[in-house]
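Colleague: Given chain A's structure and the hints, the job is docking chain B onto it.
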Amino acid sequence: MVLGRRSTRTPSLSREEGVREAYAAHGAELYRYTLRGLGDTGAAEDAVQEIFLRAWRARERYDSSTASLRVWLFAIARNVVSDQHRARSARPWARNLVDTATLEVLGETSDSMDELMRGWVVEEALRRLGEEHRRALVETYLADRPYAEVAEELGIPVSTLRSRVFYGLKALRVVLEEMEVTW
Amino acid sequence: VSESSSRHELRLALGAYVLGQLDEVEAAEVSRHVESCSQCRAELAELTPVALL
Chain A
522 MVLGRRSTRT
532 PSLSREEGVR
542 EAYAAHGAEL
552 YRYTLRGLGD
562 TGAAEDAVQE
572 IFLRAWRARE
582 RYDSSTASLR
592 VWLFAIARNV
602 VSDQHRARSA
612 RPWARNLVDT
622 ATLEVLGETS
632 DSMDELMRGW
642 VVEEALRRLG
652 EEHRRALVET
662 YLADRPYAEV
672 AEELGIPVST
682 LRSRVFYGLK
692 ALRVVLEEME
702 VTW
Chain B
31 VSESSSRHEL
41 RLALGAYVLG
51 QLDEVEAAEV
61 SRHVESCSQC
71 RAELAELTPV
81 ALL
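First to last, the protein sequences are chains A and B. Each residue of the first sequence is one higher than the last, beginning at 522 in the working numbering. Each residue of the second sequence is one higher than the last, beginning at 31 in the working numbering.
No lab work stands behind these hints, which were simulated from the structure alone. Backbone N, C-alpha and C define an ideal beta-carbon position, used for all residues, glycine too. Hints should not be assumed to be uniformly reliable.
Said to hold, decoys possible - Just the calculated beta-carbon pair ranges, DEER-fashion:
#1 Lys691/A with Ser61/B: 14 to 24 angstroms
#2 Glu76/B with Ala546/A: 33 to 43 angstroms
#3 Ser68/B with Asp584/A: 21 to 31 angstroms
#4 Glu581/A with Glu56/B: 39 to 49 angstroms
#5 Arg37/B with Ser585/A: 16 to 26 angstroms
#6 Ser589/A with Ala57/B: 25 to 35 angstroms
#7 Arg607/A with Glu76/B: 21 to 31 angstroms
#8 Leu675/A with Val55/B: 37 to 47 angstroms
#9 Val679/A with Arg37/B: 16 to 26 angstroms
#10 Ala608/A with Ala57/B: 21 to 31 angstroms
Only chain A is shown next, with the shape it has when bound in the complex (with noise of 0.2 angstroms):
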């Protein structure tokens, strides 16, 4: 799978203030998250610097006009999470990981691309579906939100906003088969 290389530039992660606004304004919402994907507040807070550690690193890929950043830290989140239960099914947890005044020393590295190209992919993928399937598919899978707080929000039952989470996943596997997605 090949996704063409962004170069746009997103400000608001290119200096460690930026990363700063960026977990003001998203942090509360990515620990709740990575707090009911993990179980464990350490390792929910782990998790949410992992994340914007990843975030940080990948800034010149980060392309404001394909996603909210948003969306973008939730599609990072999703595999920062995914990474931890791997980890632990594999190895104990042992990552040692650093605060955002760290982030200033680390260069670009490459460690993380694989994750990264997955949170493209999937970006990317949801960008191709039709508009009720994506939304749903993102406010219910990338933001983890409940789904009575969506379907109140869409003003549909939750039995449509379950309809549109199961063929829109549907629709997204014909998308990541477009895309030459392998699994």
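Modeller: Same frame as chain A, now just chain B:
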């Protein structure tokens, strides 16, 4: 709820099921249904890799 509409609802719940978004009771209900429904097993096999990506 008739049996067929219930079966339809169980099938539509597979999306939420594969994403881990159902509560324990509903997830167990879907699990039991999938064991006895080959159509839903096929759906599940199709959706699982998408959810894991």
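Colleague: Does each hint hold? Answer for all of them.
Modeller: These are the hints, each one checked on the structure:
1. Lys691/A with Ser61/B: 14 to 24 angstroms: For Lys691/A and Ser61/B the Cβ distance comes to about 20 angstroms; the hint holds.
2. Glu76/B with Ala546/A: 33 to 43 angstroms: Given a distance of about 36 angstroms, which is inside 33 to 43 angstroms, the answer is holds.
3. Ser68/B with Asp584/A: 21 to 31 angstroms: violated (43 angstroms)
4. Glu581/A with Glu56/B: 39 to 49 angstroms: Given a distance of about 43 angstroms, which is inside 39 to 49 angstroms, the answer is holds.
5. Arg37/B with Ser585/A: 16 to 26 angstroms: violated (44 angstroms)
6. Ser589/A with Ala57/B: 25 to 35 angstroms: With a Cβ separation near 31 angstroms, Ser589/A and Ala57/B satisfy 25 to 35 angstroms, so the hint holds.
7. Arg607/A with Glu76/B: 21 to 31 angstroms: 22 angstroms Cβ-Cβ, so the 21 to 31 angstroms window holds.
8. Leu675/A with Val55/B: 37 to 47 angstroms: violated (25 angstroms)
9. Val679/A with Arg37/B: 16 to 26 angstroms: holds (18 angstroms)
10. Ala608/A with Ala57/B: 21 to 31 angstroms: holds (24 angstroms)
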